[in-house]
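Student: Sequence:
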Amino acid sequence: MAVHKIIARDIRVFAHHGVLPREKREGQEFLIDIEIELDAGAEPEDDDLSSTIDYAVVVDEVASLATGERYDLVETLASRIVDHLLSLGGVARAGATVKKPQAPLAVEVRWVGVTVTGEREGRPGEGGGGR
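Numbering-wise, our numbering comes out as the position in the sequence shown, counting from 1, plus 223.
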């Protein structure tokens, strides 16, 4: 059986996440990657968008989550994104990477970030009683 994944890379948002006062005040760009693994049965078998997850909607929701509330830690933001993705119908597993290209570091790096992954509880065949 094939595994179906929805992937979006480098969702670009401007937000005010961070511990430092300057980050909170001035804000900075963040890049977000998401990966969603669909439940068996949630794959689009009939070439109809209504039978699967609309990635355009999900990307908009992730951008809204990233800009709607301020967090000190990108770990917290990534966790909130994964929680949201797992709440969508038809999602078995999800992951989010939040990257901070302008992190205030003494050494130059392309970006620093964090990845959080999760699995929906109670998946069929795992002792949770199904959906």
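What the hints contain is simulated information worked out from the structure, not anything from laboratory work. Treat the numbers as computed from the prediction; the structure is a model and nothing was measured. Any given hint could be a false lead.
Computed list of lysine to any residue pairs in SDA-like fashion (alpha-carbon distance at most 20 Å, straight line) [to be verified]: (1) K323 <-> R293; (2) K322 <-> E344; (3) K247 <-> S287; (4) K322 <-> Q251; (5) K323 <-> P244; (6) K322 <-> R343; (7) K247 <-> H307; (8) K247 <-> V236; (9) K323 <-> S273; (10) K247 <-> W334; (11) K228 <-> H307; (12) K323 <-> T275; (13) K323 <-> R343; (14) K323 <-> G312; (15) K247 <-> A286.
Student: K228 and H307: Cα distance at most 20 Å?
Tutor: It holds: about 16 Å lies between the C-alpha atoms, which stays within 20 Å.
Student: For a C-alpha distance cap of 20 Å, please report whether K247 and S287 respect it.
Tutor: holds, 17 Å
Student: Holds or violated: K323 and S273, Cα atoms, limit 20 Å.
Tutor: violated, 34 Å
Student: For K323 and T275, compute the direct alpha-carbon distance and say whether it is at most 20 Å.
Tutor: violated, 31 Å
Student: Hint check: K322 vs E344, CA-CA at most 20 Å. Holds or violated?
Tutor: With Cα atoms ~27 Å apart, K322 and E344 exceed 20 Å; violated.
Student: Hey, K247 versus V236, does the alpha-carbon distance stay inside 20 Å?
Tutor: holds, 15 Å
Student: Is the straight-line distance between the alpha-carbon of K322 and that of R343 20 Å or less?
Tutor: Violated, at about 24 Å.
Student: Taken at face value, is the distance from the CA of H307 to the CA of K247 at most 20 Å?
Tutor: violated, 24 Å
Student: K247 and A286 were given as a pair; does the straight-line alpha-carbon distance stay at or below 20 Å?
Tutor: holds, 18 Å
Student: Decide if the proposed pair is consistent with the structure: K247 and W334, CA atoms, cutoff 20 Å inclusive.
Tutor: holds, 18 Å
Student: Is K322 within 20 Å of Q251, Cα to Cα?
Tutor: holds, 11 Å
Student: Given the hint that K323 pairs with P244, does the C-alpha gap stay at or below 20 Å?
Tutor: holds, 16 Å
The structure is inconsistent with the numbered hints 2, 6, 7, 9, 12, 13, 14, although it conforms to all the rest.
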